[in-house]
Amino acid sequence: MNQEQIVSENKTQENSILEVSHLEKSFGTHSVLKDISFRVHPGDVVSVIGASGSGKSTMLRCINLLEVPDGGSILYHGEDITARKMDVPAYRARVGMVFQSFNLFSNMTVLENCMVGQIKVAKKSKEEAKEKALRFLDKVGMSAYVNAKPRQLSGGQKQRVAIARALAMEPEILLFDEPTSALDPQMVGEVLEVMTALAKEGLTMIVVTHEMAFARDISSHVLFMADGVICEEGTPKQIFEQPKEEATKEFLARFRNML
Amino acid sequence: MISNMSFIERIFYILQKYGTSYLKGAGTTLVIALVSTFIGCIIGFLSGIIQTIPVDKKRDPLIKRVLLGIVNVILRIYIEVFRGTPMIVQAVFIYYGLAQVCNVQLGMWQAAFLVVSINTGAYMAESVRGGIISVDPGQMEGAKAIGMTHVQAMVNVILPQAFRNILPQIGNNLIINIKDTSVLSVISVVDLFFVHKSVSGALYTYFESATIVMAIYLTMTLITSRLLRLWEKKMDGGDNYELVDVMDIGSQLGKKESR
Ligand SMILES: Nc1ncnc2c1ncn2[C@@H]1O[C@H](COP(=O)(O)OP(=O)(O)OP(=O)(O)O)[C@@H](O)[C@H]1O
Ligand SMILES: [Mg+2]
Numbered sequence: 001m002n003q004e005q006i007v008s009e010n011k012t013q014e015n016s017i018l019e020v021s022h023l024e025k026s027f028g029t030h031s032v033l034k035d036i037s038f039r040v041h042p043g044d045v046v047s048v049i050g051a052s053g054s055g056k057s058t059m060l061r062c063i064n065l066l067e068v069p070d071g072g073s074i075l076y077h078g079e080d081i082t083a084r085k086m087d088v089p090a091y092r093a094r095v096g097m098v099f100q101s102f103n104l105f106s107n108m109t110v111l112e113n114c115m116v117g118q119i120k121v122a123k124k125s126k127e128e129a130k131e132k133a134l135r136f137l138d139k140v141g142m143s144a145y146v147n148a149k150p151r152q153l154s155g156g157q158k159q160r161v162a163i164a165r166a167l168a169m170e171p172e173i174l175l176f177d178e179p180t181s182a183l184d185p186q187m188v189g190e191v192l193e194v195m196t197a198l199a200k201e202g203l204t205m206i207v208v209t210h211e212m213a214f215a216r217d218i219s220s221h222v223l224f225m226a227d228g229v230i231c232e233e234g235t236p237k238q239i240f241e242q243p244k245e246e247a248t249k250e251f252l253a254r255f256r257n258m259l
Numbered sequence: 260m261i262s263n264m265s266f267i268e269r270i271f272y273i274l275q276k277y278g279t280s281y282l283k284g285a286g287t288t289l290v291i292a293l294v295s296t297f298i299g300c301i302i303g304f305l306s307g308i309i310q311t312i313p314v315d316k317k318r319d320p321l322i323k324r325v326l327l328g329i330v331n332v333i334l335r336i337y338i339e340v341f342r343g344t345p346m347i348v349q350a351v352f353i354y355y356g357l358a359q360v361c362n363v364q365l366g367m368w369q370a371a372f373l374v375v376s377i378n379t380g381a382y383m384a385e386s387v388r389g390g391i392i393s394v395d396p397g398q399m400e401g402a403k404a405i406g407m408t409h410v411q412a413m414v415n416v417i418l419p420q421a422f423r424n425i426l427p428q429i430g431n432n433l434i435i436n437i438k439d440t441s442v443l444s445v446i447s448v449v450d451l452f453f454v455h456k457s458v459s460g461a462l463y464t465y466f467e468s469a470t471i472v473m474a475i476y477l478t479m480t481l482i483t484s485r486l487l488r489l490w491e492k493k494m495d496g497g498d499n500y501e502l503v504d505v506m507d508i509g510s511q512l513g514k515k516e517s518r
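Order-wise, the sequence lines are chains Z and L.
Per the working numbering, the first sequence starts with residue 1, numbered consecutively.
Per the working numbering, the second sequence starts with residue 260, numbered consecutively.
Check each hint, because a few of them may be wrong.
Stated by the list, open to error - Restricting the straight-line Cα-Cα distance to at most 16 Å, the calculated cross-link-like pairs of lysine to aspartate or glutamate (EDC-like) are:
| id | chain 1 | residue 1 | chain 2 | residue 2 |
| --- | --- | --- | --- | --- |
| 1 | L | K316 | Z | E67 |
| 2 | L | K317 | Z | D80 |
| 3 | Z | K124 | Z | E170 |
| 4 | Z | K139 | Z | E201 |
| 5 | L | K317 | Z | D87 |
Unchecked claim - These stretches of chain L come out as covered by chain Z in the derived footprint (C-beta under 8 Å, 3 or more residues):
| id | segment |
| --- | --- |
| 6 | 307–319 |
| 7 | 416–423 |
| 8 | 427–437 |
No lab work stands behind these hints: they were computed from the structure.
Note that beta-carbon positions come from the ideal geometry of N, C-alpha and C, so glycine has one too.
The whole structure should be built from the sequences, with the hints applied where relevant.
Printed below as a string of structure tokens:
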């Protein structure tokens with residue numbers, strides 16, 4: 001290893017926002033994640049692809065501590081997030097999450113959904129929270145619906161509000177768990193459009209998705225998961241054009257006509 | 260002379276002579292029912308909230324888990340005992356028990372509020388617990404994902420929804436309490452039924468007095484259930500929302516103060 005390589009290696013280690021190493025998680029006797037390791041750097045857009053049941057959601061939920069990892073470590077700027085002294089709510093406020101099922105607060109309006117976290121968690125003033133909420137709702141094209149309740153919105157609209165809600169916390173990294181899987185085909189586009197714009201602006205994201213075109217065109221890095229391990233990883237070019245593993249080729253073959 | 264009167268005449272006679280007593284009795288009944296249902300709800304919410312505190316075997320200190328365990332056992336016993344015995348027996352048990360064992364002589368109001376509140380609390384505890392559990396788990400995850408603590412998520416997201424879910428049951432309990440305060444006459448609470456017993460005992464007009472009392476109870480419960488319906492409607496809000504003019508939003512974003 002020459003000098004230059006060592007320097008760049010150190011640099012990536014210092015700069016990484018998240019460093020997942022040897023992550024393990026089981027439900028009862030069912031081992032769902034076995035030895036997952038990867039890093040996320042500022043500005044990265046990491047797409048996670050893989051068959052249903054391969055553990056993609058579980059991995060994302062471990063990162064946000066909605067599931068407690070059984071083994072390995074997740075470092076956030078070098079800090080172990082599973083440590084007892086970790087302030088979990090504060091950490092979650094820095095790491096946003098967008099769910100497949102939106103999870104908008106159904107007792108609040110669109111605007112309130114985007115304000116409540118800022119006021120209660122980030123302790124912002126009402127005026128400031130409102131201004132920021134409106135700015136992000138405008139960004140996802142939902143500012144006309146501030147007074148609507150979630151149940152009055154379409155799926156695509158709900159997901160865009162959910163993204164605005166997450167953005168309003170100004171997270172350092174945003175996790176997406178199949179954000180378009182629960183949507184009718186005609187609504188997928190409007191959500192992907194928003195996500196593409198965010199990626200272009202340099203927001204750091206981890207996106208679990210079945211939208212292969214999105215993974216290929218937008219992400220900087222692709223993880224292919226199979227059976228609780230990262231079977232193959234690399235740039236979109238490497239994964240989609242020269243997959244090395246048999247499992248990757250097989251998985252991608254299913255999407256051939258869509259790419 | 261009353262023996263020569265017709266049914267209708269007797270009713271008017273009774274009303275003329277004892278009308279204010281009936282009204283006072285009805286007032287007492289209503290106050291006991293309202294106050295006790297309110298206190299019962301508070302007991303129910305506290306109990307339901309405590310019973311749904313999550314325990315994290317890895318992070319929470321042992322003392323918290325042990326304490327919570329003990330409190331939960333006590334709550335279970337309380338709920339089972341007061342749901343599993345008739346309120347009329349509970350009234351006698353508490354009233355004379357306190358006098359004999361603790362040397363505490365309760366006044367009429369104290370006794371009434373205590374017995375009915377404790378009884379209602381036991382029912383509400385189960386309703387609230389059910390109401391909390393029945394809120395979509397995604398709501399809690401959405402709240403946690405933006406950094407809310409368990410308490411913040413409960414106060415801002417879960418409890419308002421649980422409250423709306425169990426509002427019909429609160430109403431139900433109020434109506435049951437309006438009727439069931441009648442059993443308190445065994446500990447000499449001067450409610451509507453007590454007035455009925457006194458009047459019919461003095462005049463030997465059981466049927467006539469019962470007719471009057473039936474009408475009063477029915478009036479109170481009918482009005483109560485109408486009011487509750489209105490409250491539910493109000494909580495649900497309209498089915499429509501106003502689309503906000505995007506230009507408005509723009510100007511609001513420009514200004515610091517929007518009001
Ligand atoms: N709370 C849970 N309890 C028990 N088993 C679970 C739980 N959550 C997930 N699993 C199991 O873990 C495995 C991985 O699930 P996961 O949801 O992470 O897969 P996924 O890759 O996200 O799949 P999909 O593409 O269908 O969303 C599955 O076999 C699932 O049944
Ligand atoms: Mg999943």
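Sort out which numbered hints this structure fails and list those numbers smallest first.
8
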